[in-house]
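Asks: The lines below spell out each chain.
Number of protein chains: 4
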Amino acid sequence: MIVVLKPGLTVDEVRKVVDRVEGLGLKAHISVGKERTIIGAIGDERLLADQTLESFPGVEKVVPILKPYKLVSRDFQRENTIIRVAGHEIGGKRIHVMAGPCSVESYEQVLAAAVPVKEAGATFMRGGAFKPRTSPYTFQGLGEEGLEVLARAREATHLPIITEVLDPRDLDLVYRYTDILQIGARNMQNFKLLTEVGRLKKPVLLKRGLSATIQEFLLSAEYIAAEGNRQIILCERGIRTYETETRNTLDLSAVPVLKQLSHLPVFVDPSHGTGRWDLVTPMALAGIAAGADGLLIEVHPRPERALSDGPQSLKPEKFAGLMKDLKKVAEAVGREL
Amino acid sequence: MIVVLKPGLTVDEVRKVVDRVEGLGLKAHISVGKERTIIGAIGDERLLADQTLESFPGVEKVVPILKPYKLVSRDFQRENTIIRVAGHEIGGKRIHVMAGPCSVESYEQVLAAAVPVKEAGATFMRGGAFKPRTSPYTFQGLGEEGLEVLARAREATHLPIITEVLDPRDLDLVYRYTDILQIGARNMQNFKLLTEVGRLKKPVLLKRGLSATIQEFLLSAEYIAAEGNRQIILCERGIRTYETETRNTLDLSAVPVLKQLSHLPVFVDPSHGTGRWDLVTPMALAGIAAGADGLLIEVHPRPERALSDGPQSLKPEKFAGLMKDLKKVAEAVGREL
Amino acid sequence: MIVVLKPGLTVDEVRKVVDRVEGLGLKAHISVGKERTIIGAIGDERLLADQTLESFPGVEKVVPILKPYKLVSRDFQRENTIIRVAGHEIGGKRIHVMAGPCSVESYEQVLAAAVPVKEAGATFMRGGAFKPRTSPYTFQGLGEEGLEVLARAREATHLPIITEVLDPRDLDLVYRYTDILQIGARNMQNFKLLTEVGRLKKPVLLKRGLSATIQEFLLSAEYIAAEGNRQIILCERGIRTYETETRNTLDLSAVPVLKQLSHLPVFVDPSHGTGRWDLVTPMALAGIAAGADGLLIEVHPRPERALSDGPQSLKPEKFAGLMKDLKKVAEAVGREL
Amino acid sequence: MIVVLKPGLTVDEVRKVVDRVEGLGLKAHISVGKERTIIGAIGDERLLADQTLESFPGVEKVVPILKPYKLVSRDFQRENTIIRVAGHEIGGKRIHVMAGPCSVESYEQVLAAAVPVKEAGATFMRGGAFKPRTSPYTFQGLGEEGLEVLARAREATHLPIITEVLDPRDLDLVYRYTDILQIGARNMQNFKLLTEVGRLKKPVLLKRGLSATIQEFLLSAEYIAAEGNRQIILCERGIRTYETETRNTLDLSAVPVLKQLSHLPVFVDPSHGTGRWDLVTPMALAGIAAGADGLLIEVHPRPERALSDGPQSLKPEKFAGLMKDLKKVAEAVGREL
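Top line first, the protein sequences correspond to chains A, B, C and D.
Position in the first sequence (first residue = 1) + 33 = our numbering.
Position in the second sequence (first residue = 1) + 33 = our numbering.
Position in the third sequence (first residue = 1) + 33 = our numbering.
Position in the fourth sequence (first residue = 1) + 33 = our numbering.
In case anyone wonders, no lab produced these hints; they're calculated from the structure.
Careful, some of the hints might be misleading.
To be verified - Calculated pairs, DSS-like style, for lysine-lysine (alpha carbon to alpha carbon, straight line, at most 30 Å):
id	chain 1	residue 1	chain 2	residue 2
1	B	K225	B	K100
2	A	K351	A	K126
3	B	K49	C	K100
4	D	K348	C	K94
5	A	K94	D	K39
6	C	K348	C	K361
7	C	K292	C	K225
8	B	K126	D	K357
9	C	K49	B	K292
10	D	K94	A	K60
11	D	K126	B	K348
12	B	K292	B	K100
13	D	K49	A	K100
The structure displayed is predicted, hence computed values, not measured ones.
Based on the provided sequences and hints, a complete structural model is requested.
Replies: Next comes the structure, spelled out in structure tokens:
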């Protein structure tokens, strides 16, 4: 890291900063400029609380040089991580689409979504049994009953399941039912939950928080990886901006940035990313064109009756159209569906 | 709520929307304009998933009229909530300042902060035993040992404690030690945790999420209130914006807005709100001038050695200066310290 | 518009609001609910200052129903606007790519960019003679000399020109040289400049402001259209968010939203939108997949020597690669290049 | 500045970067770390396009060390700038309040605001003759007629004038009438206009742009100062965030940050900063508590009839109440009114 000193320090004061830098196990390199003196602090700065030097007397600011994450970084592993689950490879040439309703409402509803999405080419079925809802007065999910519905639908369709876990106390339960664990945007910095799923042996799809920087997102993935679980899928799902035409602003530039900084597969969720079903298809195509490895898409047999997220859910027939368009775009960028 | 219809609908299509509105238990009122027809849907819209009508065929958009929260709103309770805890009244004429280190590091450290902050006029002692940290490689808190340190410091100083709980599994433990439970910004939408503290009989200080709207903030408070616990303190602690001179942007206009919309006490945390100790005093004064009922301030005996948040921690002597200035500003706005 | 009244008004007070609504030339429709009374105000609300009723006694809030823009809206004109300029059609099936250096530095530099971009399939040449620069100490553009360089390069390559105008006093000059006038992001709300270009008979490419909502963007286009010039290209170029990995956040969902709300052609500028040359290709492909009608791309023969925006400029050979990939994606979404 | 090199460069490649750094007139200092090599580039980096090195082969990133502005910085001038205008001193111990209507509508209207605000203690009268309006269909200001109204009101009340200039072509005209020139938020990066007012001999109040960083704000002030005019007042007026309860988010932490980085006086505009008259008083008090040197406040004799910004305008009697409260807060922080 670079330590920029305040102007006008005495040699003694500079010495004290140098001593502190070296006391932290780093090597100090001084450059004296006309307006500012800087100290290059060489060593593994990741192990320091990044702010520890910033409040030292005489220090104006501290500029980190190394990325604070390691295991999930491209510097640490050059080749792409491929996740093998339920007979599929995620992160390879093939694009994967995970589709289904926002909330599990009934077996009939899940099946009415799952059968046609499979037919259209989806390889995983999504559906929420535990729902994080902004208002306490809205539908909170069916809980374990919802997980059972998903399991029955898997039996019927042979589509593996991805479903969200909210609470560390539900982890065993959800683990028993699902193929991929989902950590939602609101839990991206629920570090206890991250640590727990890091100890499991199932793939985790981690959604970017509503206002998470890409660095924070990768640090959250690092929490999982640091516990041993390296089967992590990163999912961009829209960030919060001032724009109100869309529910969130889908940050597609995060896709190539994440692919550059990390070896992990990157997905896009255009349903939550826009909040509007009529924007799902263009943004799904754009996500794949930007280099994503897969998509998470909400499909509901009757969006106008959905207990959550109706406005952003596609009807099965719209979804089938999307998949046809997607196939062409995937091939145009050298992928397959 | 107001349902705006798409242009060019047939009478029959309008009829179907009206039927749907009435099927949801609301009364429909139609106004036909030249460019758009609108339906006023009268009744308790809070009980509906707010989006349920938005995906109905023929509907262009839905505009809610009522606030989605109820128990925490000024409409529901006109007079201010006063919270009585450890012999103090929070939300009344007197301003309360809760001060202490970000993390509990040792008994000596806590005492070296607690003794002088009490002397300077602080009425509660803050300190974190469980720390949510962005990086897995930084200090995560002392856990139960930290809680014991706080308890011993309370015995020594008679300052009641406020400390954060992160995980529903730690709730019993933290409950036994603390006087006020803190829910941090990253857990503002950890709805399971909100529900659990809603069942307890201790005051809760709820911090606004990094990118939470005021409406979402109040809905999170509503989660707690809906379970029975009405002793809630709202705390503005900075929101995420594009500005990089400060760690967050302290949104002081949230103070009068919250006081208007809700009957709950409102605090300000200028330490996290700015991330810089040199901005804590002006922003603390400004927070009280804006109408806040109290402050949460980080004080550390040796900020340059702090295991977390050193750059935003005041030394005890600076804190004493702040309290002197604060007294004058509090009196200028008709409060006391 | 909908006027929501405060609770507890007397009939007389409601009457006064109704009179005010009708005094503004609107028809009032009253719906009395249990918690709130609302007035539907029917008529052309666009002609009102949108806030005029909001400060009327007894009014809680005012919700507009109609979009505040008209001429540029899809409601006003169903079919897409096609702009014919220099033998090209913008807004039709064919994608147009406008490429060249950020700043005009010399004839040699412009030519060294223009010749290869034309060869690769670009149909317009971009280059700035007047540069809006954040710092007064950096290169401000060659002014008229730059325009002459562009004109000579057009003669040599037969590529029509797009260049920015900053100051109403330069408008005649720029008009004489350019084929398309560009209004930059920083001038999106320079209403005097918008009014002036609205009186000209040349196409205008209008960039979205750094923090402009889509509604404000369309209102700025409306300023141009209201003066008579309907040849407007809208260009998304990144908005300001908290993310720092990219210079701006390219809001690609703005593309389908704009295509839906307006009949005007929509372009994307992935160079400014990301600020990094290594993200230009994926985001260019994504932009076209999202439905854009064209792209604005910075190309410089020697980015490391560029007087402005080097980090986001492609070398000509990279640009040629981009165009090959783009052709495939364009065809995949039913367009041609 | 610090130049961070990509990992794995050859000595020769490092040499080329060093040559480039020295070719730009800077001295290079190399520090070789285990994971990254960095070059300290010592000299006046302000004179470089800040990005020029970032696109050089082998360079990973460039971190500036010096602030890019100079004349307006506290480094350049330690003591506060005091602006003397119309018998007043701005930037000294005394707080100045500039009050009046958003738009000049008529002589009667201006006088009905100016007389009571003077009586209540305002020292300048504000009022817009040229109005930047988001929609082309709303009131655009009276132009020169409005300036004459202001001049007559100054004669009657002896309150000096502050009014906005939008277009460089109106500068001579506005200059003749006003005491202080205002550059609005939308023109903060209208560099041509900044350059022109930089050549004048009258004080300029520069508003922060809606999404301007503090650094960009100071660079815009530097544009004015670089032309010779050092009589600049900086004005915080709210930035754009995702929050919708307020029109903008008033960033009061900008006040102490600006006072620290710059020697210029800092004002706050709580009217635009919140967009709501009922928040003006608390935020005005908070602004002064945070260290501001003055306020800009909208006052209208009949806000419900205002042609612009009615919802954020105070009635004269409310303004008088604000001034009484303000006097106490000003004294509490060692200022006077």
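Asks: All hints, please: hold or fail.
Replies: So, going through the hints one by one against the coordinates:
1. Of the supplied pair hints, the one linking K225 (chain B) and K100 (chain B) holds, its CA atoms being roughly 23 Å apart against a limit of 30 Å.
2. Taken as a hint, the K351 (chain A) and K126 (chain A) pair is honoured in the structure, with Cα atoms around 25 Å apart against an allowance of 30 Å.
3. A distance of roughly 25 Å separates the Cα atoms of K49 (chain B) and K100 (chain C); the hinted pair therefore holds under the 30 Å criterion.
4. For the hint pairing K348 (chain D) with K94 (chain C), the CA-to-CA distance comes to about 19 Å; that is within 30 Å, so the pair holds.
5. Proposed proximity of K94 (chain A) and K39 (chain D) is supported: the alpha carbons are some 23 Å apart, at most 30 Å.
6. This hinted pair checks out: K348 (chain C) and K361 (chain C) have alpha carbons roughly 21 Å apart, not beyond 30 Å.
7. Proximity of K292 (chain C) to K225 (chain C) is assessed by CA-CA distance (about 26 Å); at most 30 Å being required, the pair is judged to hold.
8. Restraint check for K126 (chain B) and K357 (chain D): the C-alpha separation of about 20 Å stays at or below 30 Å, so the hint holds.
9. For the given pair, K49 (chain C) sits about 29 Å from K292 (chain B) by alpha-carbon distance, which is consistent with the 30 Å threshold.
10. Proposed proximity of K94 (chain D) and K60 (chain A) is supported: the alpha carbons are some 21 Å apart, at most 30 Å.
11. The suggested pairing of K126 (chain D) with K348 (chain B) holds, with an alpha-carbon distance near 28 Å, which does not exceed 30 Å.
12. A threshold of 30 Å between alpha carbons decides the hint, and for K292 (chain B) with K100 (chain B) the separation of about 15 Å falls inside it, so the pair holds.
13. At most 30 Å may separate the alpha-carbon atoms for a hinted pair to count; K49 (chain D) and K100 (chain A) meet this at roughly 25 Å.
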